[in-house]
Amino acid sequence: MLPLNTFWLVQLSLSGGLILATSLLLLKIYKYLCYQLTAQKSLVKQINRILPQTQCGQCGHPGCLPYARAISEGEASNRCPPGGHETILELAELLNEPVLELDPSHGQFKEFSVAVIREDECIGCTKCIQACPVDAILGGPKLMHTVIEAECTGCDLCVEPCPVDCIDMLKHCEDAPVIFSKIHDIQGARP
Amino acid sequence: MSPLQRIQSMLGVGTSLSSRRTAGGIKPPSYKEHSLRSRIMPMPIPPQLKIPVGATESGTIALDIAAGDHVHKYQKLAQLQLSAQGRTSIPVHAPTSGIVSAIEEAYVADHSQQKQVCIVLKTDGLDTSLPLEPAVDYRQLASEELVTAIRRAGIVGMGGAGFPAADKIDSAAHQALDLLIINAAECEPYISADEALIRERAEGVVTGAEILQRASSARRCIIAIESSKPNAIQALEQAIEAQTNITGNCELLLVPSKYPAGSEKQLIQSVSGIEIPSGQHPAQHGVLVHNVGTSYAVFQALVLGRPCISRITTLSGQALKTPKNFEALIGCSVEFLFEICGIDKSLRHKTLLGGSLMGLQLPSDNAAVSKTTNCLIAAGSDELAPPTEIQACIRCGFCADACPVRLLPQQLLAFSKTANNSQLLEHGLMDCIECGACDYVCPSHIPLVSIYKDSKAAIETRLTNHERSKVWQQRFQYHQSRIKKEKDQAPTRTKAVPAKKPAAESEVSASNNGNEQEFFSKEKASREIAAAVARVKARRDESKKAASVQDKSK
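From first to last, the protein sequence lines are chains A and V. Using my numbering, you'd call the opening residue of the first sequence number 172 and step up by one each time. Using my numbering, you'd call the opening residue of the second sequence number 12 and step up by one each time.
Quick caveat, the hints were computed from the structure, so don't treat them as lab data. In this text, a Cβ means the ideal position worked out from N, Cα and C, and glycines have one as well. Just so you know, not all the hints are guaranteed correct.
Calculated lysine to aspartate or glutamate pairs in the EDC-like style (CA-CA distance at most 20 Å, straight line) [said to hold, decoys possible]:
# : chain 1 : residue 1 : chain 2 : residue 2
1 : V       : Lys481    : A       : Glu320
2 : V       : Lys38     : V       : Glu445
3 : V       : Lys555    : A       : Glu331
4 : V       : Lys356    : V       : Glu394
5 : A       : Lys216    : A       : Glu246
6 : A       : Lys313    : V       : Glu539
Have a look at the derived ranges for each label pair, beta carbon to beta carbon [to be verified]:
# : chain 1 : residue 1 : chain 2 : residue 2 : range
7 : A       : Glu290    : V       : Ala187    : 57 to 65 Å
8 : V       : Lys481    : A       : His277    : 22 to 30 Å
9 : V       : Glu497    : A       : Ser194    : 50 to 58 Å
Construct the entire structure; sequences and hints are all you get.
Written as structure tokens, this is what we have:
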């Protein structure tokens, strides 16, 4: 039997404590690394959720997701004109950064509007179809094109390539005049 | 209720019902005594009625009449088919006889604050009515038949919500209902329509409650009234006693007189002790609440066979000589009602719809009375005047004590100022019932409720934007995958094309030689494009010239 004196007791307890401490430390480091990895991924996701998804490219990136990635890697978060001040606020809150003003070199905030093609002037060149990031323009070569209003993000990208300038950005308005036509329809259809 | 029982209920002991404590609440002066001085008055037939049918956004309107038709009292004019559920509809009936002169959009005195489609009825003063449907014995009818009859009478929630009463019963049809509460609390200052109704027509109210209980097959039916209304309580006690001798088993419960005791969830809590969780309906917990006005309308529909063409409306305020309760015809203008109450227009500062705490300013004095118009106030200048000076929040915490939903109004205010939506949602802004108790107690006169309303609207637009951007994101992903696919397939195509090209070209040229009017010809297309480009260039030059001319002239 070992002489179980004070010296041995101290030794045992010390080494036991050391092993426990190192294992705890290793666990912490492992957890931290895991957290960092998932955080990076989920941060991009979270940023992307805040961005307005107009895919306009005014920030200098080809779409909102690339910009979200760039922000997560440290790019300034004030380069999204369609999102406006609200998006900057939300991003600043998420990233724990000071709130900046919108960077004017990337454009001004505009109210949401949709592209509308003046259909009798359209020559069917398909250039706007190629420019549209969300495939919201319908048409074929040498045939008239039209914009699916519900899917237009108002990104402006189709206006520039049009050779005959027949695309207008119009403010999206709820069909005000239709209300009365509805009533007349009902009146006409009465038994 | 005997005096002993009443004492027992106040102490919360014994076998009788007792109300339970709810959080928060305030005790503002009631101002109800002015309008309760006289009895409910029938109103003279106004020269014109604008009967609201509904807003076009809320559903489709089916008209049974056209402009120029002569209609009788009680005749069905139109119905609003709600878009949310296809089968629900709210019919509208003629309050008196006359000629339909137009169908137009007009302001309506209800909480939507928007123009609604109205049927304009030029009355002839004869008041010729269709024969009322023979009154059937409601005790013989099954609950589905009762619900159909309620739906046909066009009854909506008379307390102010305006939700179709039949749909409310239907929504709870799958659940086993424990409790039907008839809400007679009417806690808001100025409004006395329900109290006047009970005081004079308690039998109808109790019968209506019994019909509603049968229709929703609820086990118990409790009429909840504020303890500060002795006359109404007495009338109800007598009516309940008379009815209990025949068939009914309605009970009466006095709830403490404080604002907002009559708010749906608060009332349920004080009657049954159940606290309805956020985002859930009372029906999910076996409780249903109907207003007394609704109950009386149900009585009229089932026992008298009379559709919903009038309602009791309180007219009050300092600008009126004789404030009173009217049995107002649906569709009469607010101004007409004020006139017969002797309004002094020079005294009127503003017109409110509803009570003094939750009331809204009417967009127009010519607004038409709807089925949910419970109170109209012609307020004098020193009555309900907005506080002149808004001071900073001193964090006194009075608002948190007053809040019936147990929110933290000062925290919400701070988050609203910084538009911190995530924190606002976390702190339960969406559960705010906009009762105005926090406004009332605030020593700094901060208009908290209107700030919360703005925040709620902002959050809602933000949420719809998020929904929209989700669609865009998906579309963008589709687009990218399509581009990628095309790129992957591109090499095979470019290889294939050169081999075929010469043959194709020769074909085209051959066909061009053969037929000048070839539909798809490259030359023709390029000519057209060139012409279009030239057109635009010319137009641009013109506009530039015009601009330069203008500059020069300046």
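Is the Cα-Cα distance between A:Lys313 and V:Glu539 20 Å or less? 10 Å, holds
Taking 20 Å as the top limit, are the C-alpha atoms of V:Lys38 and V:Glu445 close enough? 16 Å, holds
Straight-line alpha-carbon gap V:Lys481 to A:Glu320, limit 20 Å: 16 Å, holds
Would the hint linking V:Lys356 and V:Glu394 be met if the CA-CA limit is 20 Å? Status holds; Cα separation ~15 Å.
Cβ separation of V:Glu497 and A:Ser194, checked against the hinted range 50 to 58 Å: 55 Å, holds
Status of the given 22 to 30 Å range, CB of A:His277 versus CB of V:Lys481: 24 Å, holds
Please verify whether V:Lys555 and A:Glu331 have alpha carbons no more than 20 Å apart. Roughly 19 Å separates the two Cα atoms, so the pair holds.
Does the Cβ-Cβ separation between A:Glu290 and V:Ala187 fall within 57 to 65 Å? For A:Glu290 and V:Ala187 the Cβ distance comes to about 59 Å; the hint holds.
Pair hint A:Lys216 and A:Glu246, alpha-carbon separation not exceeding 20 Å: 16 Å, holds
Violated hints for the displayed structure: none, as all numbered hints are satisfied.
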